[in-house]
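S.K.: Here's the letter readout for the chains.
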Amino acid sequence: MQKKKKLRAHDSTALSSELIIRPIKKKVWLFLIPTFLCFVIGFVWPFISGIYLSFCEFRLIREALYIPLDKIKDVFVGFSNYVRAFEDESFRKAFTYTASYAVVSVLIINVFSFFLAYLLTQKIKGSNLFRAVFFMPNLIGGIVLSYIWQLIFNGILIKYNTYLTANQTFGFWGLVILMSWQQIGYMMIIYIAGFQSVSEDILEAARIDGANKMQSLFKVIVPNMMSTITVCMFLTLTNSFKLYDQNLALTGGAPVMTTASGTQIKMTEMLALNISSSFGKINTWAKGTAQAKAVIFFIMVAAISLIQLKATKSKEVQQ
Amino acid sequence: MKNDAKREKTIAWIITIILTATSLAWVLPIVIVLINSFKDKGSIALETFKLPNADTFVGFLNYTNGVNMGNYSFWTCVYYSIVITVLSVGLILVCTSMSAWYISRVNSRFAKIVYALCTFSMIVPFQMVQFTLSSTASMLHLNTPYTIPVVYLGFGAGMAIFMFTGFVKQIPLEIEEAAVMDGCSPVQTFFKVVLPMLSPSLISVGILEAMWVWNDYLLPYLVLDITKYRTIPIHIQYLRGSYGQVDMGASMALIILALLPVVLVYIFCQKYIIKGVAAGAVKG
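These protein sequences, in sequence, are chains D and C. Quick note: the first sequence uses this note's numbering, first residue 1, plus one each step. Quick note: the second sequence uses this note's numbering, first residue 1, plus one each step.
FYI, nobody ran anything at the bench for these hints, they're computed from the structure. Check the hints yourself; a few may be wrong.
Here are some chain C residues pointing at chain D (derived, C-beta under 10 Å) [as the list claims (entries may be wrong)]:
no. : residue
1   : Ile44
2   : Ile234
3   : Ser251
Where is the CB? At the ideal position from N, CA and C, for every residue including glycine.
With the hints as constraints, model all of the structure from the sequences given.
M.R.: What follows is the structure, given as structure tokens:
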């Protein structure tokens, strides 16, 4: 009986929704095609031609940095751009630098934002004001942010007769402080939403069972917030891999070191900056190699995202 | 029982003190820049943390110098930044909400492919397309502040469509059925029935996109002709990143001027912005 009812209800929606859908479908040129065309211009075509160009060499050198594609003669050269990308010492250095920055910043940002969110969800006065203050740096763009902190760092370091770009360590921790200052507020907002989603009933039950605040935080709240924690961890991880503006404006990759083989390596250059600046070099294979680096970079970022997708899905099943 | 209440109160006080101290660290950097923007340019690098005195105080000189620094008016940058942000966000909101509605109502193969491509585009870093996108844009003459919204719509459509389809799916179909029964065409149904119901998510998506476009540096730097058109981030990076002596005083003043519109907007829309980010994060 019940099954029949359900079936009938389903049928009627299917019928009437068909009535709605057909006229909408006819208006595809209005609803979907304009966006799709822009999407092709802004993403699909650049992506496909980007992959193609990573296998090419540009045999025509022009003075202008970004010339229309049809004026460049590109010759298919197979995987040699990828070989060059992997052989590039500055690219490998940028990778290790980015990876170590990512590990440090993911840990610091998540620990601090988690506890800030915890404090802010306690019953205290003015928590909205605090929230607003901590979030504020996210509205300031990376370029402006970096120059604010550059002033502070150099102002402190000048007392010790040195400056921010004097060595790699200053640049590294400078970037970590700057990015923590910016991202803690953002992650805090997500963690607050996570704290609020933990149901009062479970907390009440824990309290009745005699759990103190610390116990209910680590044994009840944290396990129930695993999906939020994974989201924030991966968000900070991808953000650190994609970091560009702050890296460019804070140190710009300085200081530069010359290796034994004579290549110049920027000590605080991250992957995104390394790739972007190699597009600017002018020789026959520079752009192809830069594009090959970009493809490698894309695969890394995509792999992180896929792992995230898997991790969040398995967490959902657990709950 | 009484003891417990007292203890809770002390804990609340301790938390408030910790939070106040931390939030000072959040405000202080900006205050230091503000103080320095009134100091003589020579004293900024040497005595960054000192208040201006009779010798080093220069009033608004840094501001008047800063506005025309690099032979390019700062107000022109503000104008272009506003034009690009308003046009891009407007275009993104209208176009992607329409597409998201189409995608979630029509189950055609084309709609499915577009949706899959959109989700895919969200994981592609900008460096992957930076060279080919900028050459495509200049080939199609999209390199002015009035045409760059097309590029922003193209590259930013993924996230917006992804978020909007999530929101549209929560709208019950019955309401649209009623509209159709009453004789609404699809265009009318969308603009008079669906769009008003989407308004909370329009605000969320609009805020996320506006934060992105306003602060974006690399995309407009590569697409626009920067001898003619500069946004605020491009201008500041151009002045600071160029070789040679930088007028520290003027650049401090420029940073404060660049912060001003952001702070004003934030004071008035703080609640929406934080809500929008929380909603976006839950969806993403």
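S.K.: All the hints need checking, so say for each whether the structure fits it.
M.R.: Hint by hint, here is what the structure shows:
Of the supplied interface hints, the one on C/Ile44 holds, with its beta-carbon coming within about 7 Å of a beta-carbon of chain D, less than 10 Å. With a least beta-carbon distance of about 8 Å to chain D, the hint placing C/Ile234 at the interface is held under the 10 Å criterion. Proximity of C/Ser251 to chain D holds as hinted, the smallest CB-CB distance being about 7 Å (cut-off 10 Å).
Comparing the model with each earlier hint shows no violations; every hint is respected.
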